[in-house]
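*Asks:* As a plain string of letters, each chain reads:
There are 4 protein chains.
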Amino acid sequence: MFHENESVKDIKIAYIGGGSRGWAWTLMNDLKKANDISGKVYLYDIDFEAAMNNQIIGNKIDGKNWNYYAVKAIGEALSGADFVIISIMPGSFDEMEFDVHAPEKYGVWQSVGDTAGPGGFMRALRTVPMMRSIASNIRKYCPTATVINYTNPMAVCIGALYREFPEIRAYGCCHEVFGTQKLLSHALLEMEGIEATRQEMSVNVVGVNHFTWFTSAKYKDIDLFDVYTRFIDKFYETGYNREGLGNWMNNSFRNNARVRMDLFKRFGFVAAAGDRHLAEFMDNADYLRDPEYVKQWMFGLTPVSWRKNNLKERLARSQRLLSGEEEYALRETGEEGAQQIRALVGLGTMVTNINLPNVGQLSNLPMGTIVETNAVFRNDGFKPVCAGAVPDSIYPLISRAARENDKMLDAAFSLDLAYARQCFFELNMLKTLTEAEKHALFEEMCQGTKHYLKDYR
Amino acid sequence: MFHENESVKDIKIAYIGGGSRGWAWTLMNDLKKANDISGKVYLYDIDFEAAMNNQIIGNKIDGKNWNYYAVKAIGEALSGADFVIISIMPGSFDEMEFDVHAPEKYGVWQSVGDTAGPGGFMRALRTVPMMRSIASNIRKYCPTATVINYTNPMAVCIGALYREFPEIRAYGCCHEVFGTQKLLSHALLEMEGIEATRQEMSVNVVGVNHFTWFTSAKYKDIDLFDVYTRFIDKFYETGYNREGLGNWMNNSFRNNARVRMDLFKRFGFVAAAGDRHLAEFMDNADYLRDPEYVKQWMFGLTPVSWRKNNLKERLARSQRLLSGEEEYALRETGEEGAQQIRALVGLGTMVTNINLPNVGQLSNLPMGTIVETNAVFRNDGFKPVCAGAVPDSIYPLISRAARENDKMLDAAFSLDLAYARQCFFELNMLKTLTEAEKHALFEEMCQGTKHYLKDYR
Amino acid sequence: MFHENESVKDIKIAYIGGGSRGWAWTLMNDLKKANDISGKVYLYDIDFEAAMNNQIIGNKIDGKNWNYYAVKAIGEALSGADFVIISIMPGSFDEMEFDVHAPEKYGVWQSVGDTAGPGGFMRALRTVPMMRSIASNIRKYCPTATVINYTNPMAVCIGALYREFPEIRAYGCCHEVFGTQKLLSHALLEMEGIEATRQEMSVNVVGVNHFTWFTSAKYKDIDLFDVYTRFIDKFYETGYNREGLGNWMNNSFRNNARVRMDLFKRFGFVAAAGDRHLAEFMDNADYLRDPEYVKQWMFGLTPVSWRKNNLKERLARSQRLLSGEEEYALRETGEEGAQQIRALVGLGTMVTNINLPNVGQLSNLPMGTIVETNAVFRNDGFKPVCAGAVPDSIYPLISRAARENDKMLDAAFSLDLAYARQCFFELNMLKTLTEAEKHALFEEMCQGTKHYLKDYR
Amino acid sequence: MFHENESVKDIKIAYIGGGSRGWAWTLMNDLKKANDISGKVYLYDIDFEAAMNNQIIGNKIDGKNWNYYAVKAIGEALSGADFVIISIMPGSFDEMEFDVHAPEKYGVWQSVGDTAGPGGFMRALRTVPMMRSIASNIRKYCPTATVINYTNPMAVCIGALYREFPEIRAYGCCHEVFGTQKLLSHALLEMEGIEATRQEMSVNVVGVNHFTWFTSAKYKDIDLFDVYTRFIDKFYETGYNREGLGNWMNNSFRNNARVRMDLFKRFGFVAAAGDRHLAEFMDNADYLRDPEYVKQWMFGLTPVSWRKNNLKERLARSQRLLSGEEEYALRETGEEGAQQIRALVGLGTMVTNINLPNVGQLSNLPMGTIVETNAVFRNDGFKPVCAGAVPDSIYPLISRAARENDKMLDAAFSLDLAYARQCFFELNMLKTLTEAEKHALFEEMCQGTKHYLKDYR
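Protein sequence lines, in the order shown, are assigned to chains A, B, C and D. For reference, each letter of the first sequence is one residue, going 448 to 904 in the working numbering. For reference, each letter of the second sequence is one residue, going 448 to 904 in the working numbering. For reference, each letter of the third sequence is one residue, going 448 to 904 in the working numbering. For reference, each letter of the fourth sequence is one residue, going 448 to 904 in the working numbering.
Honestly, the hints are just simulated from the structure, not real lab data. Among these hints, one or two may not hold up.
Remember, identical chains collapse to one label, so a pair may be satisfied in a single copy or spanning two.
[As the list claims (entries may be wrong)] With a straight-line cut-off of 20 Å between C-alpha atoms, the simulated EDC-like cross-links for lysine to aspartate or glutamate are:
#1 K885 x D902
#2 K712 x D730
#3 K712 x E637
#4 K681 x D737
#5 K667 x D457
#6 K507 x E774
#7 K456 x D668
#8 K712 x E882
#9 K480 x E890
#10 K459 x D483
#11 K459 x E523
#12 K511 x E639
#13 K511 x E453
#14 K456 x D670
#15 K511 x E774
#16 K456 x E647
#17 K667 x E639
#18 K878 x D737
So that you can see chain A by itself, here it is in the shape it has in the complex (with noise of 0.2 Å):
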């Protein structure tokens, strides 16, 4: 790549997962916008055709500032890369649905199922072998790009990349943290009527991936937990439904921030995810009961069946971008990745949350655990803002979490179905089953996605 006048050119980017029917869209959208960088995209999937469909729409959105190649080889798209995304899918919806719906036979109930629990546990089993893998061709073909990861159990699959290669330049991004922020204007539009954006929230984050928390937060020299705490004063009973946006009972990602509301009460902070993210990382008798009590809650959970019919509407759509019949039409889509990469090229500062090693950004959780909290972004890299300790209410929270997160690490590279099962069993969201129970679930959902555990032993 090289600067010319005020922009960068010639960037050139890896898309691992570059089949994608989501997230490849919203980066060939984003990048289009950023006007000022340009390049190439290699777009690799185990999907050839996927990635071929995608070459053609991405080169129908833009194809001026970029061009798309989907490619063969993952070496191919890797080789001189500066930068590499990864965006897969680790398996079908065919072992998501073991994952998610699995455990519920044991009162078990997962809202997403993707990240902690015994769906993220199997999730993480499934991915690790894949990141291992994307992680040596990267130290291969690319050892010094930066690496910019979507897939979820994020904090597993960041573990997993640096070790499989501890010198690897990634992080990983989310954007729940940028829903609560959305939530924090809201409380500011509602309690004070001052209309203003998600990124004027100044927030500190602290906590792990879909478990992050605020432990302060301001608008201008507004005070936000002050706000926040009226506003849930106001709200905390009907829950908060933003007009226009559709009702939680209708829509599988919605909800109405009363889990969140709920968290801030009891501990004093900001629970900063989606609700359904949060609740899995409670006790299962706190918001998680049984799909009646979660009502009360005023969340959904997201069953696989909508998630495959999602895929189908997408495939469809696909095919109408495809075939012309829909023109792609720009649009907002609230995530960062195309912004981080013009900071990382050397066009502007930019501080915003992302996934990384603990290096003592948090400074009593354990060193080398996988942390989300804010970090800056220059065209000298990305480093993290040291954020202080996690308070002591949510403390032995985010070390759970933290911890389950390791142990899925452990048991994923373990290779070791034996050593996995002892991981399985220690989860908090099973707490409540038998050992019998446990031994039949974590058979069944090895049983669920078997396609993905060849290499275990």
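We have chain A already, so just place chains B, C and D on it with the hints.
*Replies:* Using the frame of chain A, we list chains B, C and D on its own:
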């Protein structure tokens, strides 16, 4: 203070040392230029007349967005302050005469004498009690104010503020790093023909004040270490003297960067302060052997006589500004204080280097010692950026410097001259002196500064 | 001192608080019994007569291996000391009357009142200036001596010694851990029929003084957590009252370990101090609701009247020992000071729990805060053992306790009652009081202890 | 195992590398002498016949308190083990021939070639996969066993065990420190006429295996740094050669401590391994310039031919021990394994130096890197002692050594020869080679060790 439109109004700044004829005018200049902030500046100085004069000068410089008020009591300045600026002269140049020149008879030549070595030590003994008093007043009158210190010895001053009042929100600013960023920008111009500002040199700063180093430096996508290596190949022997900037022989502050270039060759990292400061952290034999030898390195020893003359000039200028004989002309000061204030009140994000207690930003230096690294400034405060570990080659030097700073602080906190003497004897700069010489020197220097040691036993 | 054959002679000990009628006799007893060390003990006390009496009593107890000398000046005691023992009474029981009982009218019941809560706070205000003075004298007279503190509030005292003189070689000793080791030995006897000494209970100690916990406990190859679990099943309801040790109802210091057993059930780790101390670190509602409620937990509140009576008895005994009416009978004191001295002069290796600034022995507490963990004692000094991280479940409790200790230290170092008041108001034990009640209480308690607050503004 | 009277019975030890004709006999010897422990030792070796022979020899040496069993499957040895001892030969001396001698043609002379430099690197490539396999078997068969490793390269082996199975309870033992304790005891005898054992030299150990240093050393109340300084004044030129211990010229393992003495003079701390090892961590030019230069420093290069001959002798001795021609004579081995086992089963407390991941015992080295410091051994396990910070003067050396160890581990974990090559090229010992020479050397050494690189890409 409050936000209105895109600006922040009614900011209250307390300026301790408000009679200053240098830093104070610089701040007035920069506040005037920062046209989206406004408020009041309370000037407190033990020399009330000087503060009164600055009230007049300040109100001449601005008087619209900013109003200046000289006050007689420190509490009057501090009550309700949003920001406290500390820029005091600890003692007069008569004391400094001893700091700098008394050691010369023992072959100890100090190029500045205000930070390290015997001069820095005695200055610390004078300054720390003043800083403690200021800190305790801040605790009393404005415990949550942001405190910006410009006084030297910087690290010891910041240490004193935090040891007196551990919850203080203080940091220290120094422009020495900027000078080496400028040097890099000149190297870029010389070697690559590229013109760029010093701010565009992205540097990772590690070290202690006046002995800071860059462990990486980039301009856009150009690695400045490569550029600097070639620059040094070209200029090492002759030194580098920018056209129009005056000759080092005629200017106590100018230098030809030969020490910096030599340190890069010896240690592989960019020493990032002026040569006069850097030399004082090395062995005397390295650069400060004697005045003749110093000439080879093309930097000047700064005699206190020069400072006395300079003060006279500044006093004269003060009179001219007061009388209206001279009108203050706004200029680019190169200082960042006003910009930092803008960021801290919520007008943008800024990343720059400051002095703070180590909370992990430098992973292999002791926690709590005062270090200089980059930090992020936003409306939610200033937070250090994780700068990594001090590299092996310079670790012993920086570690020693940090330890000497800690010792100065311990000595000054003890208010015990017998203990201070022990600490003084261990200074690296005095290692060639006999025990008897050290005794004599300590006695002479204490005698020289005795008016400020009244609280010591 | 020097080694001769298998013993160490001419050890010089300075005893600050040498007029004590408790700890001093214990030390005399233990030095007498340690027959391979000998030397001189210099007794310094602000009550010189008390020191004189102890000189006589000490020389009666031993007089052969050890000689006791009352001295009038602290410098006389400290000059050339190998060891300094600090065991002072900060103020009299008249002040302690306010510490313990003044808060009762607001429903704040303290079982001890010398460590945490308002009582510990006021005691800290009195004690810290004394500790600073002692530390500065140690810096002057014997900077490399080993300093052993027995004074409470322990953590604050150790903190004060190190903050005043950062290079001091001081640690703090407390026997509370021993009592819970004994409790475990009783559990072993009750449940397994095994007799063993408390020293044979290998425990990993974590926490802060008087709020220490065992994260593991073993006797030989037996896991004592299992044994203790069963022991608690048996004794939880009734409490455990060892035969022949007197009833908790008749003894201010006795308890039935119900608090400890309850804490084990709640948190999964062995709380390892007496119930009276532990209760003060929890919420008032937990165990200290009111005197009636305390009875259910089967421990006694220790009224200061009891201490006053007890002092009378000790004074009477002092007279009897002086007059020869009573002869001092050697006993097993259960204290370890003399054994530690033996190890430190080179007679064996010892591992036991002490109070020290955190340098990493507890990996998730702040550096520098005073913690209690195991340490190794040898002739090359005492060094903490890496005790790991404070477990999640008890982290918030221990972190809060450590922070309150740090705050007491800050308050006392400030010598500023306005700031002290702020810190006082934040005490967890006072969280049920109104602002007005806190004000009134602080005023009353300051009034009660005013003779010792003369240096405060 | 179980305690009975004052002894511990039925301890189960798995010995991996149980066919060894060195360490195995040492252990048998020491177990026999430790008369309060007894049990079974399972000997596993890829050379089953060698294990069978050791079964016979072991049972001849003891056969009463300890029984020896050769087993064919590693799981048989590990199942239910209380202790696992790892002492394997990674490859044969044919591979080591390349490790040590291949670099000589490029002027790189290695005195040992099993730890640092190209020899240590290639050995690491062979050994790490073996360690991973052992660790995964331990995870499977005896996850809570205590694992004691004697295999080199020590730091890399311990690193591999922990990276493969993070919860492993493993540490590494090395006797190099003992040799320098002995040297200090000789210094004490020479300079002070005092006879003492090496265990009486209390030392604070810091560093990485084979490059350990003492930051303090005491015998009783005598500071051994003073003694050693005078000892060096006397013996620096001639070297020190203890009577009766053979001449360094005739013995590949002997040396005259000149390197150690020189390092003390240069750095101010006691280098605490044999000269042959220490030299490999310095620049080649320092001590290993060429065989002639090495002679000036009075230590021997250890040719692999010597090792091959020595092995022949050990094999012959094995035959004699088997046939009964020779009877095994018990001796003082100077090893501590059996004593550590005694402490770990509950027979006493022990403090000695071992290799462990850094959890803060060395405060300025990275967390997780493998370091050697003192640790406490008791029935509740082994825990490192806080050894402080690595001193400034030796920090760059130790930090580099630790980093090279980490790189060897990364290279071996990658199973990727291209990546390994990159890491190899960065070795300090190879810095004088051209790129082409490095390539040729790497190829030759890989070729030489190819039987053990089959799993590498």
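*Asks:* Now tell me, hint by hint, if it's right for this structure.
*Replies:* Tested hints:
In this assembly of identical chains, the alpha carbons of K885 and D902 never lie at most 20 Å apart, being 23 Å within a copy and 35 Å across copies at closest. Taking CA atoms no more than 20 Å apart as the test, K712 paired with D730 passes in both settings, with 17 Å inside one copy and 19 Å between copies. In this assembly of identical chains, K712 and E637 lie within 20 Å of each other by CA distance solely inside one copy; the values are 19 Å within and 45 Å between copies. Proximity of K681 to D737 under the C-alpha cut-off of 20 Å is found in neither arrangement, the shortest distances being 27 Å within a copy and 36 Å between copies.
In this assembly of identical chains, K667 and D457 lie within 20 Å of each other by CA distance solely across copies; the values are 14 Å between and 38 Å within a copy. Taking the shortest Cα distances, K507 and E774 sit within 20 Å of each other inside one copy (9 Å), while across copies they are farther apart (62 Å). In the homo-oligomer, the alpha carbons of K456 and D668 lie at most 20 Å apart only across protomers (11 Å), although the nearest pairing inside one protomer, at 39 Å, exceeds that limit. For the homomeric pair K712 and E882, neither the shortest alpha-carbon distance inside one copy (35 Å) nor that between copies (22 Å) is at most 20 Å.
Taking the shortest alpha-carbon separations for K480 and E890, neither the intra-copy value of 48 Å nor the inter-copy value of 49 Å comes in at or below 20 Å. Within a single copy, K459 and D483 get their C-alpha atoms as close as 14 Å, which meets the 20 Å cut-off; across copies the closest is 40 Å, which misses it. For the identical chains of this complex, K459 and E523 are intra-copy neighbours only, at 12 Å inside a copy versus 54 Å across copies, given an alpha-carbon limit of 20 Å. Taking the shortest alpha-carbon separations for K511 and E639, neither the intra-copy value of 45 Å nor the inter-copy value of 30 Å comes in at or below 20 Å.
Taking the closest pair of Cα atoms, K511 and E453 come within 20 Å of each other only inside a single copy of the chain (18 Å); across copies the shortest separation is 37 Å, beyond that limit. Taking identical chains as interchangeable, the C-alpha atoms of K456 and D670 lie at most 20 Å apart only when they sit on different chains, with a minimum of 17 Å there against 41 Å within one chain. When the C-alpha separation of K511 and E774 is checked against a cutoff of 20 Å, the pair qualifies only within one copy, where the shortest distance is 16 Å, while the shortest distance between copies is 55 Å. Proximity of K456 and E647 under a CA criterion of 20 Å is satisfied inter-copy only: 19 Å between copies versus 30 Å inside one chain copy.
Taking CA atoms no more than 20 Å apart as the test, K667 paired with E639 passes inside one copy only; the shortest distance there is 13 Å, against 42 Å between copies. In this homomeric assembly, K878 and D737 come within 20 Å of each other (Cα to Cα) only inside a single copy, at 16 Å, whereas the closest approach across copies is 37 Å.
Consistency with the previously given hints fails for numbers 1, 4, 8, 9, 12, ordered from lowest to highest.
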